[in-house]
Amino acid sequence: MAAAPIQLSVRNIHKAFAGKGPEVRVLDGLNFDIHEQDFVSIIGPSGCGKTTIFNIIAGLIEPDAGNLVYRGEEVPSLRGQVGYMMQKDLLFPWRTVLGNVLLGLEMRGVDRRAAVDRAREHLHAFGLAGFENAYPKTLSGGMRQRVALIRTLIMDPGILLLDEPFSALDYQTRLYLEGVLKQAVETFNKTVVLVTHDIDEAVALSKRVVVLSGRPARVKTVHDIDIAEHSPIAARSDHRFAGYFRTLCGELDIQTEAKQPETTAS
Amino acid sequence: MSVIAAEKSAALQQPRPASRKRSMFNTIVGRALLQTGAVALLLLLWQFGVRIGWISDFLFGSPSGIYVTLLRMAGNGELLSDTSYTLFEAILGFIIGTISGSIAGLALWYSIFVARLVEPFIVAINSVPKIALAPIIILWFGTGLVSKVALAVSLTAIVALIAAYQAAKDADTDLQALLVSMGATKHQIFYKAVVPSTIPSIIATFRINIGFGLVGAVVGEFISSQHGLGHLIYNASSFYDLNTVWVGLFVLMLVGFVLYYVIDLVERLLIPWKVSSAVHQLQV
Chain A
6 MAAAPIQLSV RNIHKAFAGK GPEVRVLDGL NFDIHEQDFV SIIGPSGCGK TTIFNIIAGL
66 IEPDAGNLVY RGEEVPSLRG QVGYMMQKDL LFPWRTVLGN VLLGLEMRGV DRRAAVDRAR
126 EHLHAFGLAG FENAYPKTLS GGMRQRVALI RTLIMDPGIL LLDEPFSALD YQTRLYLEGV
186 LKQAVETFNK TVVLVTHDID EAVALSKRVV VLSGRPARVK TVHDIDIAEH SPIAARSDHR
246 FAGYFRTLCG ELDIQTEAKQ PETTAS
Chain B
32 MSVIAAEKSA ALQQPRPASR KRSMFNTIVG RALLQTGAVA LLLLLWQFGV RIGWISDFLF
92 GSPSGIYVTL LRMAGNGELL SDTSYTLFEA ILGFIIGTIS GSIAGLALWY SIFVARLVEP
152 FIVAINSVPK IALAPIIILW FGTGLVSKVA LAVSLTAIVA LIAAYQAAKD ADTDLQALLV
212 SMGATKHQIF YKAVVPSTIP SIIATFRINI GFGLVGAVVG EFISSQHGLG HLIYNASSFY
272 DLNTVWVGLF VLMLVGFVLY YVIDLVERLL IPWKVSSAVH QLQV
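Chain order of the listed sequences is A and B.
Its first residue numbered 6, the first sequence is counted upward by one per residue in this note's numbering.
Its first residue numbered 32, the second sequence is counted upward by one per residue in this note's numbering.
It cannot be assumed that every hint is accurate.
What the hints assert, rightly or not - Which residues of chain A face chain B? A partial, calculated answer using Cβ under 8 Å:
id, residue
1, Tyr89
2, Phe97
3, Pro98
4, Gly109
5, Gly146
6, Met148
7, Arg223
8, Val227
Think of the hints as simulated: they come from the structure by calculation, not from any bench.
A virtual CB, placed ideally from N, CA and C, is assigned to each residue, including glycine.
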């Protein structure tokens with residue numbers, strides 16, 4: 006994996022928000038690289054600015070300083086090239102499952118019939134055939150998040166930005182969706198950046214884990230996770246899993262000990 | 032309110048699970064029976080009061096007199112003609128006012144600058160009782176149909192505008208952010224996220240505005256007209272013909288009632304993704 010070229014490089018990003026008092030510095034010279042077909046998890050204390058990083062990469066907000074280099078070119082943001090998935094599934098309630106999956110393709114002006122064919126294939130592959138005309142309201146949380154994942158994947162984005170996508174789900178559904186995600190990412194050769202509170206999830210899924218310090222966020226360490234198992238459940242019983250888990254917990258604890266102790270899962 | 036309170040106290044008095052059982056009147060047929068029964072009782076008391084002289088026939092009319100008048104007016108076509116005039120004015124005013132108001136309100140989403148600029152003017156216009164404009168509108172648009180439609184438009188447009196603008200402002204920003212990350216243009220965000228999410232609020236204003244449409248038509252007819260239910264009511268009351276006044280009022284009520292359920296139907300057709308809130312109301 007070390008041989009993979011760098012796909013996205015986040016360089017010296019600064020971002021502060023105006024608060025009631027002095028402005029709050031959220032990101033203070035953030036640097037990290039994402040390789041081609043990488044699976045990177047970003048963990049850090051809550052409120053350290055993980056979502057802000059994603060918003061900058063996706064082009065929803067502008068950094069105060071610093072830049073993004075994508076495949077060798079400096080870009081203002083990756084707007085239109087990322088697949089952004091959040092904790093809320095953000096399905097459009099007035100669109101059916103099929104309509105939601107088609108959203109991104111409509112935005113690109115893909116031919117309707119081709120888009121529908123592709124959407125049906127994806128829905129079938131993810132076990133959602135037969136739900137094309139259902140409204141999101143009638144689906145379970147796990148199914149809704151699966152629809153959101155399909156909507157993200159069908160656009161064939163350069164990078165998937167996953168912001169705690171499974172944290173609102175129960176543990177069994179989460180394990181299942183982690184498997185679905187991992188498999189999909191390997192099938193479609195996608196690069197993934199995952200923000201999570203869940204150290205367990207980070208170790209089970211990622212190739213690398215970036216640990217951030219508390220606000221203002223800086224990269225504290227980057228750990229390579231060397232677990233050969235592909236399925237997230239099998240990865241959890243790998244003999245190195247516990248070691249990684251303990252190391253990462255230790256690194257986060259330093260940040261959280263002074264304040265109230267925080268659990269790993271949200 | 033009182034109904035809920037009564038149900039609550041009834042539930043408190045009988046904490047047994049059996050008290051959860053729906054009463055035989057709490058069905059469609061049962062409710063309809065109770066409702067028609069209440070109306071019939073009221074009419075009977077009224078008629079009885081007139082008969083024994085406690086209620087003045089001259090000042091209040093009587094159910095039997097109303098019935099005779101209704102049959103006569105329905106028979107000679109007078110009622111149908113007046114009703115269709117008022118209905119046409121109200122619906123036309125409602126459609127023009129609601130559509131133009133909603134479009135203007137949605138368009139304000141496009142520019143925060145323009146929205147902030149015009150906001151005090153909208154508030155100012157809204158704070159004028161629109162009925163006060165009626166005399167000028169009659170001066171400008173004459174005593175015919177156009178002035179009634181214009182009055183109905185003036186009443187409905189501002190309500191629709193404010194509701195649509197507010198709904199557009201409240202549209203889920205996370206959904207919009209998602210579209211931005213997908214590379215959407217402002218146009219696409221407007222059509223794919225903002226407009227659909229305002230539809231429920233806009234349809235909610237239909238319910239209010241269909242009533243305002245009728246108000247505009249009837250008030251316009253009060254001031255000056257040769258046709259319509261407003262004209263009928265106003266004329267009859269100046270002759271102390273209370274039975275005819277009641278006929279006009281009841282027909283207006285019926286018209287409003289039917290229009291309300293038409294809107295209900297439109298709502299269900301336009302927003303099938305929104306489950307009716309009545310079904311999900313918490314039972315206490």
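For each hint, the structure was consulted:
1. Tyr89: 4 Å, holds
2. Phe97: Holds. Min distance 6 Å.
3. Pro98: Hint holds; A:Pro98 Cβ to chain B Cβ min 5 Å, cut 8 Å.
4. Gly109: 5 Å, holds
5. Gly146: With a closest approach of 16 Å, the A:Gly146 hint is violated.
6. Met148: 16 Å, violated
7. Arg223: 25 Å, violated
8. Val227: 25 Å, violated
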